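Keeping the supplied structure of chain X fixed, place chains C, R and D upon it in accordance with the hints.
Below are the chains, spelled out letter by letter.
Number of protein chains: 4
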Amino acid sequence: MLNLAGLYPPIVTAFNEDESIAYDKLESNLQKWASQPLDGVIMPGSNSEAAYMTTAERLDVIKVCADVLKPSGKRLVAGTGMETTAETIWMTQKAADLGAEAVLVIPPYFFKGSMKHDVLLAHYRAVADESPLPILVYNVPAFTGVDFAAQTLIELAAHPRIIGAKDSSATVTKMADVLAAVPDFQVFAGTGSALLPFLSIGAVGGVMALANFAAKPLRKLYEAFRAGRSEEAKNIQLSLAHINTAVTGKYGVPGLKYAMDQSGFYGGPTRRPLLPLGAEGRKDIDRLLAELDLE
Amino acid sequence: MLNLAGLYPPIVTAFNEDESIAYDKLESNLQKWASQPLDGVIMPGSNSEAAYMTTAERLDVIKVCADVLKPSGKRLVAGTGMETTAETIWMTQKAADLGAEAVLVIPPYFFKGSMKHDVLLAHYRAVADESPLPILVYNVPAFTGVDFAAQTLIELAAHPRIIGAKDSSATVTKMADVLAAVPDFQVFAGTGSALLPFLSIGAVGGVMALANFAAKPLRKLYEAFRAGRSEEAKNIQLSLAHINTAVTGKYGVPGLKYAMDQSGFYGGPTRRPLLPLGAEGRKDIDRLLAELDLE
Amino acid sequence: MLNLAGLYPPIVTAFNEDESIAYDKLESNLQKWASQPLDGVIMPGSNSEAAYMTTAERLDVIKVCADVLKPSGKRLVAGTGMETTAETIWMTQKAADLGAEAVLVIPPYFFKGSMKHDVLLAHYRAVADESPLPILVYNVPAFTGVDFAAQTLIELAAHPRIIGAKDSSATVTKMADVLAAVPDFQVFAGTGSALLPFLSIGAVGGVMALANFAAKPLRKLYEAFRAGRSEEAKNIQLSLAHINTAVTGKYGVPGLKYAMDQSGFYGGPTRRPLLPLGAEGRKDIDRLLAELDLE
Amino acid sequence: MLNLAGLYPPIVTAFNEDESIAYDKLESNLQKWASQPLDGVIMPGSNSEAAYMTTAERLDVIKVCADVLKPSGKRLVAGTGMETTAETIWMTQKAADLGAEAVLVIPPYFFKGSMKHDVLLAHYRAVADESPLPILVYNVPAFTGVDFAAQTLIELAAHPRIIGAKDSSATVTKMADVLAAVPDFQVFAGTGSALLPFLSIGAVGGVMALANFAAKPLRKLYEAFRAGRSEEAKNIQLSLAHINTAVTGKYGVPGLKYAMDQSGFYGGPTRRPLLPLGAEGRKDIDRLLAELDLE
Chain X
186 MLNLAGLYPP
196 IVTAFNEDES
206 IAYDKLESNL
216 QKWASQPLDG
226 VIMPGSNSEA
236 AYMTTAERLD
246 VIKVCADVLK
256 PSGKRLVAGT
266 GMETTAETIW
276 MTQKAADLGA
286 EAVLVIPPYF
296 FKGSMKHDVL
306 LAHYRAVADE
316 SPLPILVYNV
326 PAFTGVDFAA
336 QTLIELAAHP
346 RIIGAKDSSA
356 TVTKMADVLA
366 AVPDFQVFAG
376 TGSALLPFLS
386 IGAVGGVMAL
396 ANFAAKPLRK
406 LYEAFRAGRS
416 EEAKNIQLSL
426 AHINTAVTGK
436 YGVPGLKYAM
446 DQSGFYGGPT
456 RRPLLPLGAE
466 GRKDIDRLLA
476 ELDLE
Chain C
186 MLNLAGLYPP
196 IVTAFNEDES
206 IAYDKLESNL
216 QKWASQPLDG
226 VIMPGSNSEA
236 AYMTTAERLD
246 VIKVCADVLK
256 PSGKRLVAGT
266 GMETTAETIW
276 MTQKAADLGA
286 EAVLVIPPYF
296 FKGSMKHDVL
306 LAHYRAVADE
316 SPLPILVYNV
326 PAFTGVDFAA
336 QTLIELAAHP
346 RIIGAKDSSA
356 TVTKMADVLA
366 AVPDFQVFAG
376 TGSALLPFLS
386 IGAVGGVMAL
396 ANFAAKPLRK
406 LYEAFRAGRS
416 EEAKNIQLSL
426 AHINTAVTGK
436 YGVPGLKYAM
446 DQSGFYGGPT
456 RRPLLPLGAE
466 GRKDIDRLLA
476 ELDLE
Chain R
186 MLNLAGLYPP
196 IVTAFNEDES
206 IAYDKLESNL
216 QKWASQPLDG
226 VIMPGSNSEA
236 AYMTTAERLD
246 VIKVCADVLK
256 PSGKRLVAGT
266 GMETTAETIW
276 MTQKAADLGA
286 EAVLVIPPYF
296 FKGSMKHDVL
306 LAHYRAVADE
316 SPLPILVYNV
326 PAFTGVDFAA
336 QTLIELAAHP
346 RIIGAKDSSA
356 TVTKMADVLA
366 AVPDFQVFAG
376 TGSALLPFLS
386 IGAVGGVMAL
396 ANFAAKPLRK
406 LYEAFRAGRS
416 EEAKNIQLSL
426 AHINTAVTGK
436 YGVPGLKYAM
446 DQSGFYGGPT
456 RRPLLPLGAE
466 GRKDIDRLLA
476 ELDLE
Chain D
186 MLNLAGLYPP
196 IVTAFNEDES
206 IAYDKLESNL
216 QKWASQPLDG
226 VIMPGSNSEA
236 AYMTTAERLD
246 VIKVCADVLK
256 PSGKRLVAGT
266 GMETTAETIW
276 MTQKAADLGA
286 EAVLVIPPYF
296 FKGSMKHDVL
306 LAHYRAVADE
316 SPLPILVYNV
326 PAFTGVDFAA
336 QTLIELAAHP
346 RIIGAKDSSA
356 TVTKMADVLA
366 AVPDFQVFAG
376 TGSALLPFLS
386 IGAVGGVMAL
396 ANFAAKPLRK
406 LYEAFRAGRS
416 EEAKNIQLSL
426 AHINTAVTGK
436 YGVPGLKYAM
446 DQSGFYGGPT
456 RRPLLPLGAE
466 GRKDIDRLLA
476 ELDLE
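Chains as they are written, first to last, in our numbering: chain X, 186 to 480; chain C, 186 to 480; chain R, 186 to 480; chain D, 186 to 480.
Hints are computed from structural coordinates only; laboratory data are not their basis. Keep in mind that a hint or two might mislead.
Listed below are the simulated DSS-like cross-link pairs for lysine-lysine, each with C-alpha atoms no more than 25 Å apart in a straight line [what the hints assert, rightly or not]:
{"id": "1", "chain 1": "X", "residue 1": "Lys301", "chain 2": "R", "residue 2": "Lys210"}
{"id": "2", "chain 1": "D", "residue 1": "Lys301", "chain 2": "R", "residue 2": "Lys297"}
{"id": "3", "chain 1": "R", "residue 1": "Lys301", "chain 2": "D", "residue 2": "Lys297"}
{"id": "4", "chain 1": "R", "residue 1": "Lys255", "chain 2": "C", "residue 2": "Lys435"}
{"id": "5", "chain 1": "D", "residue 1": "Lys255", "chain 2": "D", "residue 2": "Lys217"}
{"id": "6", "chain 1": "C", "residue 1": "Lys468", "chain 2": "C", "residue 2": "Lys401"}
{"id": "7", "chain 1": "D", "residue 1": "Lys301", "chain 2": "X", "residue 2": "Lys301"}
{"id": "8", "chain 1": "R", "residue 1": "Lys248", "chain 2": "R", "residue 2": "Lys279"}
{"id": "9", "chain 1": "C", "residue 1": "Lys435", "chain 2": "C", "residue 2": "Lys401"}
{"id": "10", "chain 1": "X", "residue 1": "Lys301", "chain 2": "C", "residue 2": "Lys301"}
{"id": "11", "chain 1": "R", "residue 1": "Lys401", "chain 2": "R", "residue 2": "Lys210"}
{"id": "12", "chain 1": "X", "residue 1": "Lys435", "chain 2": "D", "residue 2": "Lys297"}
{"id": "13", "chain 1": "X", "residue 1": "Lys468", "chain 2": "X", "residue 2": "Lys401"}
{"id": "14", "chain 1": "C", "residue 1": "Lys279", "chain 2": "C", "residue 2": "Lys210"}
{"id": "15", "chain 1": "X", "residue 1": "Lys255", "chain 2": "X", "residue 2": "Lys279"}
{"id": "16", "chain 1": "C", "residue 1": "Lys297", "chain 2": "D", "residue 2": "Lys435"}
{"id": "17", "chain 1": "D", "residue 1": "Lys301", "chain 2": "R", "residue 2": "Lys468"}
{"id": "18", "chain 1": "X", "residue 1": "Lys301", "chain 2": "C", "residue 2": "Lys210"}
{"id": "19", "chain 1": "R", "residue 1": "Lys301", "chain 2": "D", "residue 2": "Lys435"}
{"id": "20", "chain 1": "C", "residue 1": "Lys301", "chain 2": "X", "residue 2": "Lys468"}
{"id": "21", "chain 1": "D", "residue 1": "Lys301", "chain 2": "X", "residue 2": "Lys435"}
{"id": "22", "chain 1": "C", "residue 1": "Lys248", "chain 2": "C", "residue 2": "Lys301"}
{"id": "23", "chain 1": "C", "residue 1": "Lys435", "chain 2": "X", "residue 2": "Lys301"}
{"id": "24", "chain 1": "C", "residue 1": "Lys301", "chain 2": "X", "residue 2": "Lys297"}
{"id": "25", "chain 1": "X", "residue 1": "Lys301", "chain 2": "R", "residue 2": "Lys301"}
Derived contacts from chain D toward chain X, CB cut-off under 10 Å, selection only [unchecked claim]:
{"id": "26", "residue": "Ser205"}
{"id": "27", "residue": "Ala207"}
{"id": "28", "residue": "Ala335"}
{"id": "29", "residue": "Pro368"}
{"id": "30", "residue": "Ser378"}
{"id": "31", "residue": "Leu384"}
{"id": "32", "residue": "Lys405"}
{"id": "33", "residue": "Lys419"}
Nothing here was measured: the structure is a model prediction, and the numbers come from that model. Yeah, the Cβ is synthetic: ideal placement off N, Cα and C, and Gly gets one too.
Extracted from the complex, chain X is given alone in its bound form (with noise of 0.2 Å):
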């Protein structure tokens, strides 16, 4: 079974000021991402403003990171959820020819009501028969208004292909509960203020939208925590827990672009609706950039 331990920022896409897609911008990140110490990037995801993107633009952008990471020999996990099942076989597809080594698969949420037990079953059993790459379980109910019970995390941990998962909710109890079942279940921290404790209880990594700038103190705490210095590692998570806050939850992916501007990355705008960050949260992470030491 493919091994993904490791640290991964699920990696923006660069926009020009008139929203088209900006591939030198995205080549030189990844350039700079392929250099840090992350384990691989994935793309498009959630801060990649997938859900802004068509699907022929998702191709281009999952075929651009796999061409730059070859060389480095980073992973590309691919983000290949659609709202039909069929969609979702079809992208999954396509990523593993496109090069891709993994995928994360984001339910369907249209009708999030629906999206019970039977039915995500269903749904991730069907894609996982089809996929020629294992699969990462995406949940983040904070955008999808669905949230895998342990349960259904524990049943499809039972097919060959579905690896392990992404919980952006960094509900630790839940995550407790799946593991007990399933230790060899990859679980990953879908947010960099939930890496230490998500580690403390058996996940091998984190997906965070912090990696896209932070990689350095994230991977020192993870290799505080590998070697025993548990002091250490919390001391370095708490030092990341307000600028984590920031761009994520409070200023979401305009606060993310910013971060990147202000620490030798590209972030630039984001596609409308979302708005520019503005003149507060700017300051607000001036001033948490400025506490923070990222070498």
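Positioned in the frame of chain X, the structure of chains C, R and D alone reads:
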């Protein structure tokens, strides 16, 4: 200002067993709807599984609806909300080209936590500025996780091309606040069981899944209300309550399509991940239809 | 079966500045309510700050209400729901002894996740079995986090002493399901802005904070509806929308009490932790009252 | 500042079959808890069915706990939160008189929509100003519907008598924000499955239903963490996950009491409306206990 007052089904999309669009079935359904006491149809909307259709398919079904309905004098209101502002504008203009008379615009909802008052105002105003057609705002928190505040609707109503709203949350208290502030805003009940309550506070009609196969009793209810026959209106409203709950919240689109199959329309399968209605659901709907007077 | 049809304020408890009960002010308010076009009062209920009163205080105010209202022929419906089944039975029997004609029973709500269908049925049936008085079920999820399913209300309605419900969630679709199944169940709108929508589907009245100081327009609305003057009813309903939102959701009991202070009643302070209405809230309510015709 | 670091059960209240308090059983339970590797007990708390006890009963059980525990050197943290500020102050002072060493204060929650930042600050500061004892804030949104923002906890931490918090929502991301701002704030995991994740980010212990009957493995987990044996800590944590979920979210207090009955303690019945655990739940807990090493 275009007066859209009246009754509309958000029509289902007919699919073949292989999940391709069954254009012949869609056309024959449209012929039937054109002969019912309806003021037009909404397409593609939530019940059309628009979320499960490609952009090209959405344009196709708009064209089919416009072409079939034109001779009948029935209105086509096209669902044109997309995740980005730019795509929503593009789709709205296309719908106008294809013959829609108005558009129903669902908000972007992936980044639901970011869809606050200012973001929604900016999005809808940008769309309305570029729209050749009048706009209905579509509030459906059960699917989007975005629930418009009264104040947002009131401020949007100031735009000359934002003429009304469909509220599927059936929140009479909020809609009373809206109609108290902007009495000419064209409010539509978004579910069959809310029709009479909404009419009682000044709504002008309904956009209701139930109208896919129960146009006649809904029309009788509407006419009874307008004629001041409140007892008759109430009795019809209550007679429709259980079937309405069944084909919306309880069994969703699979339930709606099954009810259509039993009522002289083509319902057919849904696209996956939605699963076919189970035996219990079919029996439940059979029972409810047997109690109903659809003539 | 006792017919409670009509309009009721869930009355506020008058407190002195030191937070003790101002019995003189409560009595003078009761005299005023007795002279208004109301069918009775509810006490102690949510707006009475019952949750902030001791059991002894609740009994005291029930007695005061019963004694003052008796000569007027107005009804007293006592709020007797407690956290345990045993205490609810005890309180219900006490209320009967003190002169209440019916009781309004809020569900236990601390263990809200456990208040499922079976638990609610067992609780209410146990109370009803021991109750000397008819019972109204009180659905107020905004305060309890417990939201009755239609099916629970329908099954409770089979008990001869469970005669109706107050629904503060104003969910017209659910109440249509209830009234379709049990047409004689006495349903009351639980907030002023839902009165006309609820009447339209067969509710028999309202239990509304607004009735503390706006009984006359609410009565006019009620009479207009009953006489089939739907346009007039609608206009009154909309004229009350903004003040209703202000004294319920927006500013809560402090807002309601302030509005009473400005309308010839004694509102006075709330108990802490509720804080006095701020300057902006007072100005907002002043403006709304100035627009209102309370005669 | 009092250092409360350690492990505590929020103990259950022993009831007789007639729902009266079984003081003899409570005392024998207390003797057992005093001999377990616990740092004290919390009483009355959520699991004590405090919400189902009168004020007099709450004082009685505090006294019993203080008297029984005193010779053992174990701490008593009394739950003293009431709906009003005045009653909370009064109860807190009584608890001090009766021998408690600290208090755990649940927020007022009936008017949950009004329990905003400013109201919570004013309430807790007023209580802390009058409290003879150090205070732990109790965040338990599953029961209260009130979820403290990180900023509220951070500002409360500035009060010299507000020394920490119990977080039953197990939100590691929020607690990381709190501990990053106020590292000496004494944070406690509020559920067994969150103990290790919370310790990993700087929490000082746990207040956990599970500790009612599983103190030994929880202590081993705690010691393993403190000694840097992260793998052992993780394994114990995961071994407790399913039973923890069973005696909290899944089966609640009836489940917890049943598990105690099977583990050498007196669990006994709950007060109604809570119903006894059904056959399926008993079987489920039997199975989970059989898998567990409680020594």
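Going through the hints against the structure:
no. : hint                : result
1   : Lys301/X - Lys210/R : violated, 54 Å
2   : Lys301/D - Lys297/R : holds, 21 Å
3   : Lys301/R - Lys297/D : holds, 21 Å
4   : Lys255/R - Lys435/C : violated, 47 Å
5   : Lys255/D - Lys217/D : holds, 14 Å
6   : Lys468/C - Lys401/C : holds, 23 Å
7   : Lys301/D - Lys301/X : violated, 34 Å
8   : Lys248/R - Lys279/R : holds, 10 Å
9   : Lys435/C - Lys401/C : holds, 23 Å
10  : Lys301/X - Lys301/C : violated, 28 Å
11  : Lys401/R - Lys210/R : holds, 21 Å
12  : Lys435/X - Lys297/D : holds, 23 Å
13  : Lys468/X - Lys401/X : holds, 23 Å
14  : Lys279/C - Lys210/C : holds, 24 Å
15  : Lys255/X - Lys279/X : holds, 17 Å
16  : Lys297/C - Lys435/D : violated, 29 Å
17  : Lys301/D - Lys468/R : holds, 21 Å
18  : Lys301/X - Lys210/C : violated, 30 Å
19  : Lys301/R - Lys435/D : holds, 12 Å
20  : Lys301/C - Lys468/X : holds, 21 Å
21  : Lys301/D - Lys435/X : holds, 18 Å
22  : Lys248/C - Lys301/C : violated, 33 Å
23  : Lys435/C - Lys301/X : holds, 12 Å
24  : Lys301/C - Lys297/X : holds, 21 Å
25  : Lys301/X - Lys301/R : holds, 19 Å
26  : Ser205              : violated, 34 Å
27  : Ala207              : violated, 31 Å
28  : Ala335              : holds, 8 Å
29  : Pro368              : holds, 7 Å
30  : Ser378              : holds, 4 Å
31  : Leu384              : holds, 8 Å
32  : Lys405              : violated, 15 Å
33  : Lys419              : holds, 5 Å
When held up to the earlier numbered hints, the structure conflicts with 1, 4, 7, 10, 16, 18, 22, 26, 27 and 32 and fits the remainder.
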